[in-house]
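Let's have the full structure, built from the sequences with the hints guiding it.
As given, the protein sequences belong to chains A and B, one line each in that order.
Sequential numbering from 1 applies to the first sequence in our numbering.
Sequential numbering from 1 applies to the second sequence in our numbering.
Hints listed in this document are in silico derivations from the structure and should not be mistaken for laboratory results.
Treat the hints with care, since some could be wrong.
Unchecked claim - Cross-link-like lysine-lysine pairs, in silico, DSS-like; alpha carbons within 27 Å at most:
| # | chain 1 | residue 1 | chain 2 | residue 2 |
| --- | --- | --- | --- | --- |
| 1 | B | K265 | A | K204 |
| 2 | B | K282 | A | K329 |
| 3 | A | K323 | B | K397 |
| 4 | B | K106 | B | K137 |
| 5 | B | K369 | A | K331 |
| 6 | A | K329 | B | K396 |
| 7 | B | K408 | A | K323 |
| 8 | A | K329 | B | K369 |
Being a predicted model, the structure only gives us computed values, none of them experimental.
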Amino acid sequence: MTKELRSVLLVGGTGFLGLHLIEQFYRNCPNIKIYVFDVRTRPEKISKYFSFPVNDVKFIQGDITSESDISRAIEESECDVIVHSASPMHGLPQEIYEKVNVTGTKKLVETAKSMGVKALVYTSSAGVIFNGQDIHNADESWPFPEQHMDGYNETKAIAETYVLESNEPGKFLTIALRPAGIFGPGDRQLVPGLRAVAKSGQSKFQVGDNNNLFDWTYAGNVADAHVLAAQKLLDPESSHAVSGQPFFITNDSPTYFWTLARTVWKADGHIDKYNIVLNRPVAIVAGYLSVFASKLLKKEPGLTPFRVKVVCAYRYHDITKAKTLLGYKPKVDLETGIRYTLDWMNESE
Amino acid sequence: MGKLVQLISHPSELRAVLQYKLFRKPVHENDGKYKSEELAYCYYMLGCTSRSFAAVIKELEPELRDAIMIFYLVLRALDTVEDDMTLSSDFKVPLLREFHHNLKLKEWSFDGSGPNEKDRIVLVHFNSILSVYHSLKPIYQDIIKDITDRMGNGMADYILDEEFNMNGVATIKDYDLYCHYVAGLVGEGLTKLMVEAEFADASLTKDGFVKSESMGLFLQKTNIIRDYEEDLRDGRSFWPKEIWSKYTDSLPSFREDKSPESEKKGLECINELVLNALHHVKDCLTFLSLVNDPSCFNFCAIPQVMAIATLALVYNNPKVLRQNVKIRKGTTCNLILKSRTFPGVVEIFRSYVRDIHHNSSVSDPNYLKIGIICGEIEQFCELMYPSKGAIPAGVKKEPHPINSNVAKRAPIDNTISKTIKAEELKCDLTIASAVTLLGAILFYIRS
Chain A
1 MTKELRSVLL
11 VGGTGFLGLH
21 LIEQFYRNCP
31 NIKIYVFDVR
41 TRPEKISKYF
51 SFPVNDVKFI
61 QGDITSESDI
71 SRAIEESECD
81 VIVHSASPMH
91 GLPQEIYEKV
101 NVTGTKKLVE
111 TAKSMGVKAL
121 VYTSSAGVIF
131 NGQDIHNADE
141 SWPFPEQHMD
151 GYNETKAIAE
161 TYVLESNEPG
171 KFLTIALRPA
181 GIFGPGDRQL
191 VPGLRAVAKS
201 GQSKFQVGDN
211 NNLFDWTYAG
221 NVADAHVLAA
231 QKLLDPESSH
241 AVSGQPFFIT
251 NDSPTYFWTL
261 ARTVWKADGH
271 IDKYNIVLNR
281 PVAIVAGYLS
291 VFASKLLKKE
301 PGLTPFRVKV
311 VCAYRYHDIT
321 KAKTLLGYKP
331 KVDLETGIRY
341 TLDWMNESE
Chain B
1 MGKLVQLISH
11 PSELRAVLQY
21 KLFRKPVHEN
31 DGKYKSEELA
41 YCYYMLGCTS
51 RSFAAVIKEL
61 EPELRDAIMI
71 FYLVLRALDT
81 VEDDMTLSSD
91 FKVPLLREFH
101 HNLKLKEWSF
111 DGSGPNEKDR
121 IVLVHFNSIL
131 SVYHSLKPIY
141 QDIIKDITDR
151 MGNGMADYIL
161 DEEFNMNGVA
171 TIKDYDLYCH
181 YVAGLVGEGL
191 TKLMVEAEFA
201 DASLTKDGFV
211 KSESMGLFLQ
221 KTNIIRDYEE
231 DLRDGRSFWP
241 KEIWSKYTDS
251 LPSFREDKSP
261 ESEKKGLECI
271 NELVLNALHH
281 VKDCLTFLSL
291 VNDPSCFNFC
301 AIPQVMAIAT
311 LALVYNNPKV
321 LRQNVKIRKG
331 TTCNLILKSR
341 TFPGVVEIFR
351 SYVRDIHHNS
361 SVSDPNYLKI
371 GIICGEIEQF
381 CELMYPSKGA
391 IPAGVKKEPH
401 PINSNVAKRA
411 PIDNTISKTI
421 KAEELKCDLT
431 IASAVTLLGA
441 ILFYIRS
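Next up, the structure:
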């Protein structure tokens, strides 16, 4: 028998994933009180995609690196569980990642623990095990790379480790979810980025052989996994098995990278008549040349060695652990998720 | 002559044919000696009715060989009755429903088949089949009788099904049911025989025959997709209306209407049928992982690898709408040689699944679904046999049920793998010697 959740504090709840978290807690936990803590204020306009009544959600503005702000939010919400999904976007300076992902997370955990909060669900990232190398069907036994490929994933790994090591059965329970390739309404990187590629006429280029499998995950499914995690943590029967553990979360449908990209373009009404294939080594050289030329011209390079490695790498995961221990099943399939995302983009244009 | 040209233009397949014909040793040699005249005659009839199947059956372990041969002939007898258009439905239906009772008799035969009915020999000489049938272990007899009963009744039901006979297969569920009667039941019977002989894991009979069902359906669906044009010529159709009606108002139009638009719709229909068939692959691979006797493994694996190769051939292939498409003889030999171990089978499936993925058209309505099922199958293959360097040093991945199947059969696969390597070496040495000799001859002629 699952204990009914009375109150949840969503840290980072006005962000891309945050809104989906509000939605899924609203849909799946009757009578729950939802509190949102974010550096941003309550969003002015919320997409029609979301069905939760905005006025029933309490928004608390504050800084995650401020102990007093955190404690005020915890006090006000009297939360059973904290869901921590606050995270800066890719492409920002390292100091921002350190501040929010590492320092902020530590402050949050310490404060929550000292104030008697029972549980915390941390949104980590599947990227914590990625270092540019191929990932074939990885599960949670995969180690962190010795040298992270970028600052973002390095700080996510540090934060995740801290969260899981803070697990204290009977006192403070923690769990980390590692979603892969999140997309959906509110997404400003993945699907919008692909749409921009098509509009610039670059979609006919295929980098690599398109044998590499990739995991995308619809944001609503990621949020649903968080609800399950919170419920399992607070259920005495299941908390022992899941607490202190990381879990990969995907759509359980690894798909070839360019097949996914072309599906987005097709749903957007764009199908190329032919493709130009650049194999990986050629593309990496082109990437270096592109970076060099862009520096001379002082503009943003479209092709970089980093991006080549990303689009050519296998990055798919074995989520058996999440399916068996959390009871996770992706409810929205990739095709439907892509349609929701494009509908959302069209709505906000 | 066309075949020779075809082989020469595919050198690796030429080598495969040579290796297959000259160097491959069956798991069990068949000495051609039989303990009774009736048994000898039964094997003769087997050769008459299916040359390719006969070759595979003859390589089975002796005890199971006779049982499966009889099983095959009995079902062929049923099929011969069912297929015979010179017999009225009123006559056929009771005969099919009661056919399993004939197996209890010491003597029974039937010479009422039409003179042109291809396999009438099995009915005319059914007495020989009965004689051997009764010499089988009682448990094998019971298995064969049970399947004969159910299949005979299934056939009778279809003969009486006016909707089916007028309009063909309606829903996907009907499609699966039809394939169940035609092929799934055979798979179930074979599974029971193999488990009884302890050549396959007993769990295969404890899962409601889900996996053996997939084995049968995968083969049957592949043939149904491939045989579109041939079946239409025979006045039949087995493609489910639930699928083809999305693409046309009339199934024959794909063949008759030569326009690009019609061809495009036909291809989209084929591709959806292929997508449907691919959902059986994981069960098929799991089934094969549980067959431990090498000759039984070959017996089960060969048709499956032929089927996945055929699916890759028909996928997005406009020729299917116009003619019978077949995999090349050299490809066949290659597949037989490579499918003697489970890792070999998995590699074959993975390779053809990738071919299907790469042959996809973005405009196909099932483009992403095909990509996803191919990805799912690849993930399953990766789970069983990880890519080189895929698992980081020191990682102890959580095992899945399939991994214990793979581990259990590894000694068998390793032994056979050594045999295969020795065979390949002999073949290569022979080819090298032949080429050297030919070179020497040419040299002396010229000087």
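Quick rundown of the hints versus the structure:
Under the criterion of a C-alpha separation no larger than 27 Å, the hint pairing K265 of chain B with K204 of chain A is consistent with the structure, at around 24 Å. In summary, the hint linking K282 of chain B to K329 of chain A is supported, as the alpha carbons are separated by about 19 Å, within the 27 Å threshold. Distance check on the hinted pair: K323 of chain A and K397 of chain B sit about 16 Å apart at the alpha-carbon level, within 27 Å; holds. Between K106 of chain B and K137 of chain B the alpha-carbon distance is near 16 Å, which keeps this suggested pair within the 27 Å criterion.
Taking the CA atoms of K369 of chain B and K331 of chain A, the gap is about 16 Å. The hint holds against a cut of 27 Å. Restraint check for K329 of chain A and K396 of chain B: the C-alpha separation of about 25 Å stays at or below 27 Å, so the hint holds. Of the pairs offered as hints, the one joining K408 of chain B and K323 of chain A holds, with about 26 Å between alpha carbons and a cut-off of 27 Å not exceeded. For the hint linking K329 of chain A to K369 of chain B, the alpha-carbon distance of about 18 Å falls within 27 Å, and the restraint holds.
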